[in-house]
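S.K.: Sequence:
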Amino acid sequence: MKVIEFGSMKNNKIVPAKLKEARVARGLSLAQLSKLIGISSQAISQFEKGETKPSPATLVKLIETLDFPINFFCSSYNGALENEVIYFRSNKNITNKLRDACKSRISWIEKVYLLIESYFQLPKLEIPKLEDLDVDSIDHIQIEEITLKLRDYWGLDQSPIENLIDILQSKGFVITKLKIGTKKIDAFSVWKNGVPYIFIGDDKESAVRLRFDLAHELAHLIIHKDIDKEELEEDKELYNKIEEQANYFAAAFLLPIEAFNKEVISSSIDSFILLKKRWKVSISAMIKRCQNANILTDNQIRYLNSQMIKYGYYRKEPLDEEIKKETPYLFKQAFEILVENNIYTKEAILEKLELNKNEAIELYSLDKSFFEKSNNILKLIK
1 MKVIEFGSMK
11 NNKIVPAKLK
21 EARVARGLSL
31 AQLSKLIGIS
41 SQAISQFEKG
51 ETKPSPATLV
61 KLIETLDFPI
71 NFFCSSYNGA
81 LENEVIYFRS
91 NKNITNKLRD
101 ACKSRISWIE
111 KVYLLIESYF
121 QLPKLEIPKL
131 EDLDVDSIDH
141 IQIEEITLKL
151 RDYWGLDQSP
161 IENLIDILQS
171 KGFVITKLKI
181 GTKKIDAFSV
191 WKNGVPYIFI
201 GDDKESAVRL
211 RFDLAHELAH
221 LIIHKDIDKE
231 ELEEDKELYN
241 KIEEQANYFA
251 AAFLLPIEAF
261 NKEVISSSID
271 SFILLKKRWK
281 VSISAMIKRC
291 QNANILTDNQ
301 IRYLNSQMIK
311 YGYYRKEPLD
321 EEIKKETPYL
331 FKQAFEILVE
341 NNIYTKEAIL
351 EKLELNKNEA
361 IELYSLDKSF
371 FEKSNNILKL
381 IK
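For the sequence shown, the positions run 1 to 382 when my numbering is used.
If you're looking for bench data, these hints aren't it; they were derived computationally from the structure. A couple of the hints might just be wrong.
In the DSS-like style, the derived pairs of lysine-lysine whose C-alpha atoms are separated by at most 27 Å in a straight line are [said to hold, decoys possible]:
| # | residue 1 | residue 2 |
| --- | --- | --- |
| 1 | LYS13 | LYS61 |
| 2 | LYS171 | LYS124 |
| 3 | LYS325 | LYS124 |
| 4 | LYS149 | LYS225 |
| 5 | LYS171 | LYS229 |
| 6 | LYS192 | LYS179 |
| 7 | LYS316 | LYS277 |
| 8 | LYS373 | LYS357 |
Source: prediction; values computed, not measured.
Full structure from sequences and hints, please.
M.R.: Okay, structure coming up:
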């Protein structure tokens, strides 16, 4: 791995590959970064390859524009994700540039996860063994069976799930929110070194959509675990198939058919608003579930859809603002314990994260005041 020492910054050994990682993480092409800092694309490419070094003034421009702390550029480069299958929700419209920006976040989260793993006994991964699943032949009946098996394995009955993030974190899934900055991606997930990671957009309009996205990604991680990366990226028909399966899984997992069926007592919109409050699933998703599971007749489904259009509920549903969004807390809890036990200061944690404060707060779901310095000068006498 190349390192370069820079003039007045000679104590800082810049890793050229980290310059590229920072640019890619910001979703910038060479041409876009070139325009922002007034340096040619060719020169930036040479900096990233370690063929030439920027002047101290140019380096400052790069660091300020890319908005990373200096220690980010001095740390080791772990390499880009190459072989892992990443399941992107809304995959059709994702550019390679956006895909690569997301890959950077995966590497950052994994690095910090490995750090806290050295201090804590983290929840063990709990996933039931499933028979070899052929993506081409998985049908709705199988998916219903898998979701019930999963609920049973996790000790859940068929009642509504109060907090899905709580459940997933306790079963060994690592979840983080991030402002993806585009509506092209709702969520994505990946298996990395035996750990399942789920990333959900923090700009999600409602709590119920966030929960559905979580359940959707859970489906990919469980029933599409062994899918071939190249085949998924090249075969649009396969992608459409696994998306449909994941959507069906999400609905079946959140709305188990026997229990949900008993509670669908009317085809009125008002009754579905009450169901939404209880099950924390969108009205549109519940209507689709009723259609797929033959809970309501075709006429009843048509009536509900007409009411959704009439009241504008396909744009924004009742209770979207009232139902509280779930928030991951694994990293927040870990950092707080490390600080309370004087293992790390808050400043040292930020140094480890190698991100600016706002980005660290967002990615690790920390309180906005987490990195603020305390002016407390008193200690209790023990």
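S.K.: Which hints, by number, does the structure contradict?
M.R.: none
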